[in-house]
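Dock chain F against the given chain X, drawing on the hints supplied.
Protein chains: 2
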Amino acid sequence: MTHQPEQQDSVGIVTPQTLHFDQPLALSCGRSLPEHDIVFETYGELNAARSNAILICHALSGHHHAAGRHHPDERKPGWWDSCIGPGKPIDTNVFFVLSINNIGGCHGSTGPTSTNPETGKPWGPDFPPLRCRDWVESQRLMMAHFGIEQWAAIIGGSLGGMQAMRWALEYPDAMRHCVVIASAMKLSAQNIAFNEIARNAICSDPNFHQGRYLEHDTLPRQGLALARMIGHVTYLSDDGMKEKFGRDLKAGDLKLGSQGPVEFQVESYLRHQGSRFAESFDANTYLLMTKALDYYDLAREYDDDPVAAFSHAKCRFMVMSFTSDWRFAPDRSREIVDALVAAGKSVSYAEIEANHGHDAFLIPIPRYMAVFNAYMKRVAEGL
Amino acid sequence: MTHQPEQQDSVGIVTPQTLHFDQPLALSCGRSLPEHDIVFETYGELNAARSNAILICHALSGHHHAAGRHHPDERKPGWWDSCIGPGKPIDTNVFFVLSINNIGGCHGSTGPTSTNPETGKPWGPDFPPLRCRDWVESQRLMMAHFGIEQWAAIIGGSLGGMQAMRWALEYPDAMRHCVVIASAMKLSAQNIAFNEIARNAICSDPNFHQGRYLEHDTLPRQGLALARMIGHVTYLSDDGMKEKFGRDLKAGDLKLGSQGPVEFQVESYLRHQGSRFAESFDANTYLLMTKALDYYDLAREYDDDPVAAFSHAKCRFMVMSFTSDWRFAPDRSREIVDALVAAGKSVSYAEIEANHGHDAFLIPIPRYMAVFNAYMKRVAEGL
Chain X
1 MTHQPEQQDS
11 VGIVTPQTLH
21 FDQPLALSCG
31 RSLPEHDIVF
41 ETYGELNAAR
51 SNAILICHAL
61 SGHHHAAGRH
71 HPDERKPGWW
81 DSCIGPGKPI
91 DTNVFFVLSI
101 NNIGGCHGST
111 GPTSTNPETG
121 KPWGPDFPPL
131 RCRDWVESQR
141 LMMAHFGIEQ
151 WAAIIGGSLG
161 GMQAMRWALE
171 YPDAMRHCVV
181 IASAMKLSAQ
191 NIAFNEIARN
201 AICSDPNFHQ
211 GRYLEHDTLP
221 RQGLALARMI
231 GHVTYLSDDG
241 MKEKFGRDLK
251 AGDLKLGSQG
261 PVEFQVESYL
271 RHQGSRFAES
281 FDANTYLLMT
291 KALDYYDLAR
301 EYDDDPVAAF
311 SHAKCRFMVM
321 SFTSDWRFAP
331 DRSREIVDAL
341 VAAGKSVSYA
351 EIEANHGHDA
361 FLIPIPRYMA
371 VFNAYMKRVA
381 EGL
Chain F
1 MTHQPEQQDS
11 VGIVTPQTLH
21 FDQPLALSCG
31 RSLPEHDIVF
41 ETYGELNAAR
51 SNAILICHAL
61 SGHHHAAGRH
71 HPDERKPGWW
81 DSCIGPGKPI
91 DTNVFFVLSI
101 NNIGGCHGST
111 GPTSTNPETG
121 KPWGPDFPPL
131 RCRDWVESQR
141 LMMAHFGIEQ
151 WAAIIGGSLG
161 GMQAMRWALE
171 YPDAMRHCVV
181 IASAMKLSAQ
191 NIAFNEIARN
201 AICSDPNFHQ
211 GRYLEHDTLP
221 RQGLALARMI
231 GHVTYLSDDG
241 MKEKFGRDLK
251 AGDLKLGSQG
261 PVEFQVESYL
271 RHQGSRFAES
281 FDANTYLLMT
291 KALDYYDLAR
301 EYDDDPVAAF
311 SHAKCRFMVM
321 SFTSDWRFAP
331 DRSREIVDAL
341 VAAGKSVSYA
351 EIEANHGHDA
361 FLIPIPRYMA
371 VFNAYMKRVA
381 EGL
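As you go down the protein sequences, you meet chains X and F in turn.
Per our numbering, the first sequence starts with residue 1, numbered consecutively.
Per our numbering, the second sequence starts with residue 1, numbered consecutively.
If we strip away everything but chain X, and leave its shape as in the complex, we get (with noise of 0.2 Å):
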């Protein structure tokens, strides 16, 4: 591993840090978290007006290292780091960027894995379920910590673009920006169905115990490394993937009467990304992640009617979405902005070409890259 020269669009190294919230918070279950910690980051000043604050919610596999590197010699920068740093659409110089790892999450913030306090184990499966206002709740408890009054920009991809639409419904004055990438009001039955062949592939790795694994000092990383396979395709679109593995081989030879064995570098690659997931991630907070993907509908509670739902929001919209995304396909982004039109917001919609499916939003695409820009530009005029 080679050391990184700091680059000039970096945020350079950065450091999380960890608050701790002793008061319960009332969740949408019924039940309610006595006490949580939320590990958090932020990029960028905060300006004496309070008014630059911008916040990055995190998709389902994501948390609060969005940009930068925590160490030199950190192997890849935070997930977002293509959109967050100096002169990048999210740009430091101008905003002050906090990024957090969602409740249930398992990279610092109270989930599954932390110590239920009750019985002094891992919650583990008795963690609340959680739906996503729950963390639009969480957040707000943030958003007081710091004293923003109203955030400049809400943001996010995919389920992080769920959180935005929500706050923007709950909170109308909370924010002046909602920029919802890549996202959708609800996931199709195909989009449920993969999540439930995930869900079943945890739930049936004979280490899952019930959700109890760490109290068998194991993991099932069988299930979660199918998990993810499963996951990573559906976030690649059929052409990229032609173009980055085509049917080459890893090896052995395809040839009539050839023996031994025959690999595609795509089996290989994703059984690599699967392995190495399993290792990183909890089982329990997948879980957990996709059953609130699962539930969220954004107009349920405005008689299924979207245009009802957006009548209460206050802010501008910014909306994209990527060609090739079939797992959040633009039919889905245009179902926001016309139920916003329809509802009189002021929206901006950009429908990117690119062939990275849906984690073309994770990547700078020069178009993308452009728009993005262009619409934070307007983000800062109103500081």
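FYI, nobody ran anything at the bench for these hints, they're computed from the structure.
Please note that a few of the clues may not be correct.
A pair holds if it fits inside one copy or across any two, identical chains being indistinguishable in the list.
[As the list claims (entries may be wrong)] Below, a list of computed lysine-lysine pairs in the DSSO-like style, where the Cα atoms sit at most 27 Å apart:
hint, residue 1, residue 2
1, K186, K76
2, K186, K314
3, K242, K186
4, K244, K291
5, K242, K291
6, K186, K244
7, K377, K250
8, K345, K250
Bear in mind the structure is a predicted one, so any value in this text is a computation, not a measurement.
Just chain F now, kept in the frame of chain X:
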């Protein structure tokens, strides 16, 4: 289960038959099957000139039972009853139809669950790996048995279409028509990825025992169920699933604060499909069939030039695809058509509007039936 009244357009009650082949069958892997059985069904009558024979090639999880019922109370007719019968596209008043279970299968033909004569135990994972051309060779033995010199047509969907195309290249004089439905000249990286995940699910089931589960008196049910669930989702379209399930709930309530189990219809449907399949299909067959799919590459031995490959064919071609099929997308069929046109072959092509995904080829969609019917009338004219 109620008695099914015999339909006028049904082939009625059919009885599978079995043929035993004593001579070794040389396989493309270099090994040979010392002896083998083929289970098959026939519908319609072979004419005196033996010129009206049609070979049906089955797909991944298919078998010989393509039409009619084995007994009056059978819940469902054969898998392609929509297309085979009196007055149907493959008209049994006109044609003699042969439908076999391929070697390597698990419905009566010699496969991994059969006894290996050398050990007296089930073949299991020691069954030779198969390529599509091995099925062609085995089907040729059936052709000889019936004294058929030329098939009126060879017809198949998906992996069945791949066999039909392989026939056209290997034995150009053995067929007058080739009908290729929802198929491709080779799998994409995405296709291979889904197959690999399915294989991983099977092999990581603790009851798999390196494929020797029968010797351990068990079955890798959970792995096979997961494999089927993955396959099933990829055979349906997003729109089709939306129409069939939407976000309907099986039980429970998504309202805020509600407790108890909440389940979407699509989840219980998938689990049911998975566990039913796990009881009726052999895991080693699933591994073998998906590997044959992955390895298939029509033009590999023609310097990757499909035009050069198809220049060997002498028959006429009919190619059909379905708009919402994303596993074997219309683009894949258009590649076949383009290559055939460039090779100067006679080819008809129809892209059928359908929201049933890959499974559309099994469904009596009116335009599909009309086009298929019209083409088969042409086949009948040549008898």
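Those earlier numbered hints the structure runs against, lowest number first: 1, 7, 8
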